[in-house]
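Asks: Start from the sequences, fold in the hints, and give me the full structure.
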Amino acid sequence: MAYDEIFQTIEMLQNEHLDVRAVNMGIDLFDCSDRSIDRACSLVREKVLRLASPLVSACETISRRYGIPIVNKRVSVSPIADVMAGHGVEELIRVARTMDEAAREAGIDIIGGYTALAQKGMTVSDRALIESLPEVLATTSGVCASVNAASTKAGINVEALLLMGRIWLEAASRTADADGFGCCKLSVFANIPEDNPFMAGSYKGTGEPETVINIGVSGPGVVKRAIEKLRERTPDCTLGDIAEQIKSTAFRVTRCGELIGREVAKALGAEFGIVDLSLAPTPAVGDSVGEIFEAMGIPKVGGPGTTAALAMLNDAVKKGGAFASSSVGGLSGAFIPVAEDSALAKAVENGYLTLEKLEAMTSVCSVGLDMIVLPGDTSAETLTAIAMDELAIGVINRKTTSVRMIPVPGKKAGDRAVFGGLFGESPILAVQDHTSDAFVRMGGRIPAPLTSLNN
Amino acid sequence: MKEYIVTVMARDRVGIVRDVSTALADIGGNVTHVSQTVMRCYFTLIMSVQLPDERAEHEIRQAIERKGEIGELVVNVRPFVEKTESEDTPCERFVLTLRGTDRPGIISLATNYLADRGINIDDFFAYILDGRFVMLVKVSIPLGTDADEVRTELEKLGREQELIVHLQHENIFRATSDVRPVVEL
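Going down the list, the sequences are from chains A and B. Taking our numbering, the leading residue of the first sequence gets 1, the next gets one more, and so forth. Taking our numbering, the leading residue of the second sequence gets 1, the next gets one more, and so forth.
It is worth saying that the hints were derived from the structure and are not from the lab. Note that this is a predicted model, so its numbers are computed, not measured. Note that CB positions come from ideal geometry on N, CA and C, so glycine has one too. Take the hints with a grain of salt, since some may be wrong.
[To be verified] Subject to a maximum C-alpha distance of 16 angstroms in a straight line, what follows is the list of computed EDC-like cross-link-like pairs (lysine to aspartate or glutamate):
no.	chain 1	residue 1	chain 2	residue 2
1	A	K412	A	E349
2	B	K138	A	E5
3	B	K2	B	E57
4	A	K229	A	E244
5	B	K83	B	D122
6	A	K229	A	D241
7	A	K266	B	E184
8	B	K138	A	D4
9	A	K247	A	E228
[Said to hold, decoys possible] To spell it out: a stretch of chain B is covered by chain A in this simulated footprint if at least three of its residues, at any positions, have a beta carbon under 8 angstroms from a beta carbon of chain A; those stretches are:
no.	region
10	114-124
11	157-169
Replies: This is the structure:
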């Protein structure tokens, strides 16, 4: 072990605030299915409590041992619409409340997997789950929901997205006093990953083990500091040098994540799943993807060059991470959740970052239009159309994209929405409303794309 | 065969290891472990060597000394004693780093703390760079000792003395510096 490597690692741990962003325990709930909703809820409660209760203390023990903070400890479960097939809206709401209570009792703040997989069509329970979302998002605190409404193999289920257009407005309206906060806990996907540890879109895929630990590695602060230090040390460095710096930083960060993840999995008797390389920002200064652009020489995030910088960042992180570990998965890209990233929110405020630019940026990163805040009077059809645009990027490019958007009741473009905590705050983006209602209302399904002739 | 621990200290020059190893080979010795370093042009060597039963300690020392100029090689020979059960406490390996303005007493301060907590030093490396003292110590913390408490106390001690002190589990450095899969580390 070379001494300079030891000090580089110390620097990363101490001064660049390396942490493990998320430890997510995936729990299979298919053995909790029952025609009796009382019995199903009781089984869900028992299983979540039994498996998730030791999660927090195991994470704390390992965090103390290694001196590396584990920021979020969360649980995701099998897609509830499938687990609870045959049940209606009222029954699904009871399941959501059971999940919420069980998670809280286990010391977990967020539980994901209130999910419908509806990329090609909706079952009765998929539709019921979607219909239940406004109530669930308004009356539970920790339940996160997701809907997979598109995939490269199935195309885009516009019927589901039309339904979602209304649901977004209802969910926002039910939480109007909190600026439509309910929508912060709802992601709609194309090509949803089965092993993503990050909320709101985390669920435990059906191809995953019985109990699995997935890890989200450190936030963007480490990468930002590494770029800043390189530019201080080597003022004439090229973009290629910056890419190399990001790559080697991603290697180290991923290795720490895998080490911690494997220890947590071992301590809990669960299988280790994956390390998700995503750079996930928080509203804290110094923990922002937007600040990485600034460190790379783009002071006005959203200006020309932003998409290229993001593409390079995303690719370099993946290269470093893929070399570090064979267990890389989930979303593994840079997130640009506007409200959760103070530099991105500021760029919106200053008018550099628009909805259209954000959409362009999502074509080269994960996870899509994330935490974007829209005027409260945006129509359901326009919300559907925005989602269709975003999911089309994922479907055609064979990647994951998603939308997590909040139409803020009673507020218009330029006003400010405040969610607090990790959800942050953001000015409201301007939207061209009612421009494509006729297109959207035709509904149906956009067919799966050709996957050859790739230009 | 009997086992000995042999140390050699000298001002550095080319060929000391050759001279020492040849001297030992000439008297029937078999070297099994070696650790050698050069610091500021001074050479130190510690080795474990098996020798025929009839060889006395002073013979071994003289055989090595004769390979150098008179008084050049400072040689010590001790019979090897196996670790006792009480010395073999299960431990976890950590790396302690310390940085700060150089002054007398820094090592004493840190090592007094470690000794008082029953923490053994396995490997120690320190130097002065641009007037700053840098210390890097591999330590073994007995299982059952709360490493986070040790870390907090060392950091506090460091702050009081205007020193930057960090304690980190060795696995972190192995994970971040070694290209082998994490499961093989």
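Asks: Now look at each hint and say whether the structure bears it out.
Replies: Hint-by-hint comparison with the structure:
{"no.": "1", "hint": "A:K412 / A:E349", "verdict": "holds (13 angstroms)"}
{"no.": "2", "hint": "B:K138 / A:E5", "verdict": "holds (14 angstroms)"}
{"no.": "3", "hint": "B:K2 / B:E57", "verdict": "holds (11 angstroms)"}
{"no.": "4", "hint": "A:K229 / A:E244", "verdict": "holds (13 angstroms)"}
{"no.": "5", "hint": "B:K83 / B:D122", "verdict": "holds (14 angstroms)"}
{"no.": "6", "hint": "A:K229 / A:D241", "verdict": "holds (12 angstroms)"}
{"no.": "7", "hint": "A:K266 / B:E184", "verdict": "holds (15 angstroms)"}
{"no.": "8", "hint": "B:K138 / A:D4", "verdict": "holds (15 angstroms)"}
{"no.": "9", "hint": "A:K247 / A:E228", "verdict": "holds (14 angstroms)"}
{"no.": "10", "hint": "114-124", "verdict": "violated (count 0)"}
{"no.": "11", "hint": "157-169", "verdict": "holds (count 4)"}
Going through the hint list in order, the structure does not satisfy hint 10, though it satisfies all others.
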